[in-house]
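Participant: In the order they appear, the protein sequences are chains Y and U. Numbers 1 to 275, taken from the numbering used here, label the letters of the first sequence in order. Numbers 1 to 305, taken from the numbering used here, label the letters of the second sequence in order.
To be clear, the hints were calculated from the coordinates, so they are not data collected in a lab. C-beta atoms are modelled at their ideal positions from N, C-alpha and C, and glycine is treated no differently. Please note that the accuracy of each hint is not assured.
Not close to chain Y: a few residues of chain U, all C-beta gaps over 10 Å, as computed [stated by the list, open to error]:
1. 75
2. 123
3. 150
4. 158
5. 181
6. 198
7. 220
8. 229
9. 238
10. 254
To spell it out: a stretch of chain U is covered by chain Y in this simulated footprint if at least three of its residues, at any positions, have a beta carbon under 8 Å from a beta carbon of chain Y; those stretches are [claimed, not checked]:
11. 83–90
12. 209–218
13. 273–280
Stretch-level coverage of chain U by chain Y, calculated; a stretch enters the list once three of its residues show a Cβ under 8 Å from a Cβ in chain Y [unchecked claim]:
14. 58–71
15. 100–106
16. 110–119
17. 125–136
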Amino acid sequence: MKSTMKKRYPVIFVFLILSSALMIFPFVWMFLSAFKTSADVYSYPPKWIPSSFKWTNFAEVFKKIPFLRFYVNSIGVAFIQTFLQIAISAMGAFALTKLEFPGRKKMFSLMQSSMYVPEVVTMIPLFLLVSWAGLVDTYAGLILPGLNCAFTTILLMSFFQTIPNDLIDAAKIDGCGYYRIFLQVMLPNSRTAIGTASLFAFLTHWRSYMWPLIVTNNVKMRTLPIGLKYLVQETSSEYQTLMAASLMAIIPVLVVYMLMEKEFVQSITLTGLKS
Amino acid sequence: MNAGKRSLSSRNNLQAREQRRAAAVMITPLFLTLFFLFLLPVVFVVAMSLTNWSLTTPARDFVGTKNFRFVLNDERFWKAMGNTVFYTAIKLVADTSIALFIATLLDRKIHFRRFFRIAHFAPVVVPITASSLIWLWFYDPGIGPLNQVLVSLGLPAMQWLYSEKTALLSVILFSVWKGLGYNVILFLAGLQSIPESYLEAARIDGASERQVFFKVKLPLLAPVTSFVIMMGIINCLKVFTEVDVMTPNHGPLESTLLLVTYIYDQSFVRGKMGRGAAAALVLFIVIFGFTLVQRAFGRKNVSYD
């Protein structure tokens, strides 16, 4: 019994190496190709290693599109959205789990039902609302409609429920008001939960595609995903340039991911299995 | 005595009022997002679907169910529906079975386990638009590495994204690569929550590893599997980004036109927002149906206790 497991071990190990190699291969290819010349790209048989490492492709990206601007837009928008979303969700989750108020149940079911409606359904009227408010091609227009707080609120609620009411009562006896209880009891006691929810929210906003596509006409307001879409149309098969752009877009995320792998996995299993 | 009681109840009243006021302050931002991003748009989209609302002209007349009749009789809508069903079926079968297989392999003490997990999950975290650029090159019929490999093996080159027959399959292949790690993580978490004692008991009773998998692990994994499948279906019905980046004009002969691309195309490209709203509501009804099925399934948990 044990011996069959041991005999299988090398097979499984080799298989996992191969399948990991397949998964990573596109990234390796992108990394190497970002330094290739156009001659390398068109050579047959394919050149794996660039004939000489050149940085010109990166310069080419900045020449073709305002790449830095897209980057700053993306990071800024995603950060502000994450901050607002988590603040709104944490306050809401606190009220819904620890405070008594009329309409609490109704509020919760309203929030739950909002999760059943896909983005594409609300997008059409939202675009009209945003354009009537004069927010097309503005940061407010990019940021505000992305604040879907239902999911993160429900996630935080499940953590807040585990914080004992005694802790809150003790703070009340010490003369704490509800705002101080929220800031000094709830938040410090749920750091991991807030971290998980923030990571989840940030990833969602960082790769958001459909809404930024609809709400931006001005090149300067585009976020990274939208900028990359148009780069494809502007650089017909200059793959080395595309790879340089793709590399710059991917590397920061990959680095953060490798540093925080545990938190990523946790955010998936928690957000996935809780709902 | 009496005075003491009165002051206690008035203090409770004061506290309850204070609590309600705090709750109102804390809940208002959440309510505002729900009102402006959910309630108002939903009411609005239903109203729009009954009008000939246009993005380009000021037309806003009531037309009854005309948009729904148009959409349900539109060949392109049914083409999009067919493509979406095809996309969902292929992606779901491939994704779920491969992910489950890899998760079972990872569910043991093995060297470099952390590396294997990182490798399989990496495509999930990078932005879809960035990683799809790499695959655009892979799929290039002239200088793409995939065709160069095929030709060097003596196989015929393929047209990938540029042929009606293979365009959607090519998008699916990318999509499976991109999404696989997510389900691997979910299955792995499910497998690791199975108590070791159950597996030991089965092994002591003489069950082979294959029997342990099919008779013990798989049934215990049923809640995770049903979650993965139902969420998979719902997410496939909503796919937009990868098809829009890889085939911006819906592919050869619109072979990659999906439901969400159809809605986007009607409302924002052609400016027929009434029709787009009607099509979006049809999609919503389909997704809602699946959500109800998932809820019903989710309640039936397998328990071996």
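Participant: So which of those numbered hints doesn't the model satisfy?
Facilitator: Of the numbered hints given earlier, those the structure breaks are 2, 5, 9, 11, 12, 14, listed in rising order.
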